[in-house]
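The hints should help you fit chains F, U, L and C with the ligands onto chain R, whose structure is shown.
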Amino acid sequence: MLELVNVSTYYGRIQALKGVSLRVDDGEIVALIGANGAGKTTLLNTICGMLPARAGDVTFAGQRITHLPPERIVRLGISHVPERRQVFGELSVLDNMILGAYHRFGKESKAAIDGDIETVFEIFPILKERRKQAAGTLSGGQQQMLAVGRGLMSRPKLLLLDEPSLGLAPLVSKEIMRVVAELRSRGTTVLLIEQNARAALRIADRGYLIETGKIVLEGTAHDLAADPKVQSAYLGQGYHHS
Amino acid sequence: TATPTPTPTTAPKPPAPAAATPAKPAATAPAATTPAKSAATPAASKPAASKEPYKIGGLFAITGPASSLGIPERNTVQLLEEQINQQGGINGTPVKMVIADTESDETKAVLAAKKLIDEDKVLAIVGPSQSGESLAIADTIEKAEIPLVSAAASIKIVDPVKKWIFKTPQSDSLIVQALVDYLKAKGYTKIGWLSVSNAFGDSGKVEFEKAAPGAGLTTVAKESFGANDTDVTAQLTRVKAANPDAIVVWAIPPAAAIVSKNVAQLGIKQPVFQSHGIGNKQFIDLAGTAANGVRFPVGKLLVADSLSGSDAQKKVLQEYAKGYTAKFDANTLSTFGGHAWDGFWIVAKALEKSGPDRAKLRDAIESNTKEFVGITGVFSFSPTEHNGLDKRAVTMVEIKDGKWVNAE
Amino acid sequence: MRHQNRIILSALFVVIGVLPFVFTSSYHISVMIFIGIHAMLAIGLCLLMGYAGQVSLGHAAFFGLGAYASGILTASYHVDPWLAMGLAAIFTGLVAFIIGKPLFRLKGNNLAMGTLGFGIIVYIMLVEMTDLTGGPSGLRGVPSLSIFGFTFDKDIKYFYLVWALALLFLILSLNIVNSRVGRALRSIHGSEIAAEMLGVDTNKYKIQILIVSAVYASVAGSLYAHYVTFLSPPPFGFKLSIEVLVMVVIGGLSSVYGAIFGAAATTLLSETLRGTVPKLLSGAGGEYEIVVFGVILMVVMIFMPTGLTSGTLNLVRRWRQEKALRVETREAEDGNAVTGVPRVPEGRTAIEDN
Amino acid sequence: MAVSTTDMDRETEAGSALLDARSLRKDFGGIVAVDSFSFSVRPGQIVAIIGPNGAGKTTVFNLVTGVHPLTAGEIHFGGQRIDALKPYQIAEKGISRTFQNLQIFGNMTVVENVMVGRHSRSKVGILSGALSLPSSRSEEKRIYYAAMEMLDMVGLVSRAKQPASALPFGSQRLLELARALANEPKLLLLDEPAAGLASQETRNLERLIYRIRDGGVSILLVEHDMELVMGIADWVFVLDYGKLIAAGTPRDIQANEKVIAAYLGDETD
Amino acid sequence: MPADIAFERIYVELYQQVLQYLMTGVTVGSIYAIIALGFVVIYNVTGIINFAQGEFVMLGAMIMVSLYKNQVPMVAAFVIAVLLTTIIGAALERLAIRPAKGASIVTLIIITIGASITIRGLGLITWGPNTSSLPAFSGDAPLVIGTASIVPQTLWVLVTTAILLIALYLFFERTLLGKAMRACAINMSAARLMGISPSVMAMVSFALSASLGAVGGVVMAPTTLATYDMGTMLALKGFVAAIIGGMSSTPGAVAGGLLVGVLESMGAGLISSGYKDAIAFVVLFLVLFVRPNGIFGGRDTSKGGL
Ligand SMILES: Nc1ncnc2c1ncn2[C@@H]1O[C@H](COP(=O)(O)OP(=O)(O)OP(=O)(O)O)[C@@H](O)[C@H]1O
Ligand SMILES: Nc1ncnc2c1ncn2[C@@H]1O[C@H](COP(=O)(O)OP(=O)(O)OP(=O)(O)O)[C@@H](O)[C@H]1O
Ligand SMILES: [Mg+2]
Ligand SMILES: [Mg+2]
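Chains as they are written, first to last, in the working numbering: chain R, 804 to 1045; chain F, 422 to 829; chain U, 14 to 367; chain L, 284 to 552; chain C, 91 to 396.
Any given hint might turn out to be false.
Said to hold, decoys possible - Which stretches of chain F does chain C cover? Using the computed rule of at least three CB atoms under 8 Å from a CB of chain C, they are: (1) 548-557; (2) 643-649; (3) 656-663; (4) 673-681; (5) 684-697; (6) 701-710; (7) 749-755.
As the list claims (entries may be wrong) - Ranges between beta-carbon positions, derived for each pair: (8) C/188 / U/326: 22 to 28 Å; (9) L/435 / U/121: 50 to 56 Å; (10) L/414 / F/778: 50 to 56 Å; (11) R/911 / C/236: 55 to 61 Å; (12) U/293 / F/788: 40 to 46 Å; (13) R/860 / C/185: 30 to 36 Å; (14) R/809 / L/440: 28 to 34 Å; (15) U/19 / R/1030: 23 to 29 Å; (16) C/267 / L/310: 35 to 41 Å; (17) L/355 / U/111: 33 to 39 Å; (18) L/435 / R/985: 44 to 50 Å; (19) F/811 / C/185: 25 to 31 Å; (20) F/811 / C/101: 49 to 55 Å; (21) R/908 / C/188: 42 to 48 Å.
Claimed, not checked - Once the Cα atoms are required to be at most 27 Å apart in a straight line, the calculated DSSO-like pairs of lysine-lysine come out as: (22) C/159 / F/743; (23) F/812 / F/743; (24) F/748 / C/159; (25) C/159 / F/821.
Honestly, the hints are just simulated from the structure, not real lab data. The structure displayed is predicted, hence computed values, not measured ones. By construction, the Cβ of each residue, glycine as well, lies at the ideal position given by its N, Cα and C atoms.
Chain R extracted, bound-state conformation (with noise of 0.2 Å):
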């Protein structure tokens, strides 16, 4: 479904990507894993197209997109979740949700937008009860959910999650990744990153690891959570409450 091969990109001179080749066939979840700085940001963004390559190419469903503005890639079925959250913080929660769905107006009928929205309240009960709440006075953790709520709205084919625990309660941050999951089996295929390895490697099917802008590994989830390299940097000892 979606292929990247060699691609390199950069800040100014400074190369972030170092050719990386990637592969996130149809209906997989992929797991990123990578320390801070390794590129995983900018490889999501590459891939959106906020941050073009300059070398190697990038395919989406047969076709070539390395050069497509995101607006364009949003419309072809890829959404991101980005790092930051980056809600629209002036606009109600509720719009924040609804222009998650901007692309899907007129193509769809507005019922089943508003079916998606109450699914998405399902999730995140929160919210719901907050929806006509300036997005910018939510806590840091509600505007995490409002960001995957509003990446859910768009009803992508291939979802680019970045760090979408991040900042949440770990109930919460385990729902999220129960939802993930279950995504897969609507037929969403998702691209993951997340600092929590040992969580994403438990429902991802494959994965990589990246370092300064390179894929050094790659491999089923399986093969890289029994990898030495990653248990010791990305796994943890694991927290276990008695």
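Only chains F, U, L and C with the ligands this time, still in chain R's reference frame:
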């Protein structure tokens, strides 16, 4: 009317506008405005272009808020430049006008004046359009020792007299006095005053305050408004409440027209007097029917056609109007252009005497301009008088059915 | 002061010192005098806007207060011009102090509008307080400056006076910018809340820098008054506030040097157009000049959005980078070769350069 | 409000507390974000506040640091009342914080960010700065070296000269920490410092927090990473809907039914 | 008692005057309101304060006037004037704003200042310095309301303001497109991630705002008259009105416009006409100090979720 004898300095050669004597009307018209005649003279048939031209600076507010002054002034001097050169220039030397825009800005005016003086090396400057600009460059002019003939009204420009600075428009005191005399003659004593809050309106107010008591007039209301205001009903309501015999407005269009429109809107019955600032077609266009009945003191240009045949200025005025409207939008024909006309000819005429030397030129302007018949009036300069106009330069005009007529 | 600054400054000193010998006409010298006066305004506004991030659309008011305070004290009360200049600066600084507190309760656009309102109120006072200011007809008789019998009557003398002060202000500003206070100002620009949380009394610094820029503007105003020797309200209106803003942005918001270049560029541009436009478009008058001015302003901003100074530097840098990049990409990919990140604002702390 | 007995014990010791917050309340329009919440931090302690999203943790930080005025309650720090002070005054008293939604100065370099953190520990004013007096220059140098030291602590020295906006998210978090430390605080408030850090990095952070504590700084921590919280906190307060629902040692809290239901969930690994 | 009678007379006169001041204020205020709406539209979408807003008004008025002078029927002239101005607005975005991609807001604002200078200069070249007038749509006979009188054109201005207000309010608050446009100003990159194209939206906003300005220019021309530099002062007042209203709120813009108009007129009438503008600003300061975000200003969302 006083009829001075022709000054001995009257140039026999055609290109210069001769010093005027009403007794010899033919000679009063600047020959430049009648190319056919002068083309016949031998001097004119010489190709003037071969010589290094006499450069005269034209410093006008072509853009910015005062552009309705600056543009007719610029147009006028360009017209005159063309005419004078067609006739062989001054003593066979062509004239070149170097035009500079002050953007209605005093700082820019200083720089533009310096550029004309130092870079373009003009012999004299005509302009600037506004009083503030003229005062702002005064110091520069005096230091640089170059003659300037300002096209701005304020009396302060030439009072106290500055060696190098002259001006052509009637000073506000002259205009105001004409109005005050008229008001007194008509028996209006309680006056409601409105003026625009810029140098023009302020100067009118100051002069009016000076002249009014002498004529037994009292100001029962005094209001001001901005040059760009789009509504003056609030001020008029106050004036109305003071119940004056007559209302005097000191402003230029468009604000002046808005006042008249608002007077109509509020149903104010008192007679309205305005200033020479409304002396162009624009006011009538803008105020529409509200313009009717407005009376104002102004130079004679507007009523040139209805002047008596013996009036010294009649012919000059008519020919200027004809020449200008043939080339430019008739709506921009105004007394402002006339100020530049006067400035241009005062300089050109003196140049003919003095030759290209700033100091000599200045002396010539001062001593040579005697009973010179211009658009604004009849000028006589002297070491103590650098404006040199008298009562003859002002007349009272009334707007009737959208036309200017002599006020009764 | 840092090494690099010293070099640039020395160069600037030399260039400015020599200029009057290259351009000797009194016109050119007055253009440079006005550039100097505008530069003082622009430097002040640059501190306020470029560093502290506080927009002002009323800077002309401080200029006007300085000019009129000097003008009134000297013309009407015959105070010594130098003393008057000092008193004017104190007065203007005081005004800035008084309005600063309520004004800085406003943020962003509202602050812009607050300063705009202040500018308009001052303007109206200049127009209406006729007894004091001469009203719309203006104030005449402002004397020229002189010191120990040495009169600044010739333009060239005035040129050196103006530029000596302008460079003094430049140096003071560079020092401020490179000090703890400058850093505090920029932190206010970056995140007011975080700055406050790190112990930066944001309000105090905003007011302080407003006072500094007001004093600069006041001195510029006094110099204007004693140069032109006639004052009337129009030069101190909204239009000038906007012009100063344009100078600062054209120069590059975050560079004090830029303010000088901005002042020079804008003033020179409009002066050059006066000469060249009529030559290029025959018979074109003032109307065409301002159109060309407007178009050039837009074009510069479109192609050099960070201003002329850094814009030019960036163009050069980009060109060099492009070359370097081509080489680099071919070279081995050696991990984190992180050097020379683009868009590092220049003129910033880097003590190691010492 | 049911306060656990252990909490009562602490209450009696409040006199010796570094930070002592009494019955804090904050209303936002109709929302009561914090509701009669009392807590204290003793010198040398690492205290954590946890709770569901929107429980009011960040708001507590905002109250302590003076971002928002209190609706009701009192805050004492080192025996002095600070709830009427301006944020910068509170910072001068020795309280520093980091932000959950990062507030770095993107227009400045990394090291300059940290140098701002040194603001209240230095004193050059606008005049001596403008004149570039020797005292100002030497102080500037001291600030610089102190800032570099802080950067060294969080491992960002190599990026000191880069614009702070070019740092990746995780590094910006560490930058905020370094900046807060530059103030030489007595009390450091950390709002989700581990968010966005990988496991290894979190362990480094943990070590760093210990080091800071050992340097004599008390720490108030808000964090959703339970591995971290339960590992380092001496004491934990749990908020839900702005109210305190539990307080105690990590061990107590992990076993607390209410906390499990509201926040932790059943950990079935 | 004569004193009583005198007092009563003053009282009645004052009342009559105040009524007139109010009418005047509403008339002028609704003109400011239309201009303020234009500011709000562009600000809401791009975050730019468009200094060329006054020039849109001027273009509408001047094109209308010159068409009318050339015997084009009123209605056709109106449509052409608005269309042409709209195209110019869109072109401005396309040629000057869009190419400056990535520039800071201040830079973009300076570009609009450049545009304003350019358009005004072109206006001077095209139409000359003179002021022109347009006949009132329904005559000049003043309407007397109580003791105050207004010209019928005022009603046209009022009705236009009301229609524009309602239409824009519904557009920004109720329609998806309106929300999408606002989203662009709040967070451009996030908007792009939603599939919204900020450059298209910006162009639409410039076009929309230009057409608003043009409509305003046409309906106000009979009362305010039209000249190449009419935009400057009007834009300044419109800007103030927009800020008072909170800059991003359409009802706020209209309320702000009316407030400025009424305060000015009251100030000129009751206190002093010389200090008219100053009075308006002083009172406006007071408004801002009580409500730093303007009357209808958005909630301050900057401190949420720190
Ligand atoms: N705007 C920028 N300008 C310059 N360099 C940047 C910019 N943004 C990121 N970088 C650099 O690109 C590299 C990759 O950053 P990126 O944000 O993709 O990392 P990441 O893997 O998402 O990290 P994290 O887990 O901390 O979010 C880093 O070295 C970073 O410094
Ligand atoms: N400015 C505000 N206006 C209205 N409500 C607000 C405002 N700031 C915070 N809130 C509300 O107050 C509550 C507490 O928010 P707070 O940010 O303190 O939560 P938190 O415990 O830090 O949550 P998280 O773990 O998600 O960061 C939330 O419900 C939030 O929506
Ligand atoms: Mg990232
Ligand atoms: Mg929080």
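Hints and how they fare:
no.	hint	result
1	548-557	violated (count 0)
2	643-649	holds (count 5)
3	656-663	holds (count 4)
4	673-681	holds (count 4)
5	684-697	holds (count 4)
6	701-710	holds (count 5)
7	749-755	holds (count 3)
8	C/188 / U/326: 22 to 28 Å	holds (25 Å)
9	L/435 / U/121: 50 to 56 Å	violated (37 Å)
10	L/414 / F/778: 50 to 56 Å	holds (54 Å)
11	R/911 / C/236: 55 to 61 Å	holds (57 Å)
12	U/293 / F/788: 40 to 46 Å	holds (41 Å)
13	R/860 / C/185: 30 to 36 Å	holds (33 Å)
14	R/809 / L/440: 28 to 34 Å	holds (33 Å)
15	U/19 / R/1030: 23 to 29 Å	violated (56 Å)
16	C/267 / L/310: 35 to 41 Å	holds (36 Å)
17	L/355 / U/111: 33 to 39 Å	holds (35 Å)
18	L/435 / R/985: 44 to 50 Å	holds (46 Å)
19	F/811 / C/185: 25 to 31 Å	violated (57 Å)
20	F/811 / C/101: 49 to 55 Å	holds (51 Å)
21	R/908 / C/188: 42 to 48 Å	violated (25 Å)
22	C/159 / F/743	holds (23 Å)
23	F/812 / F/743	holds (25 Å)
24	F/748 / C/159	holds (20 Å)
25	C/159 / F/821	holds (23 Å)
Going through the hint list in order, the structure does not satisfy hints 1, 9, 15, 19 and 21.
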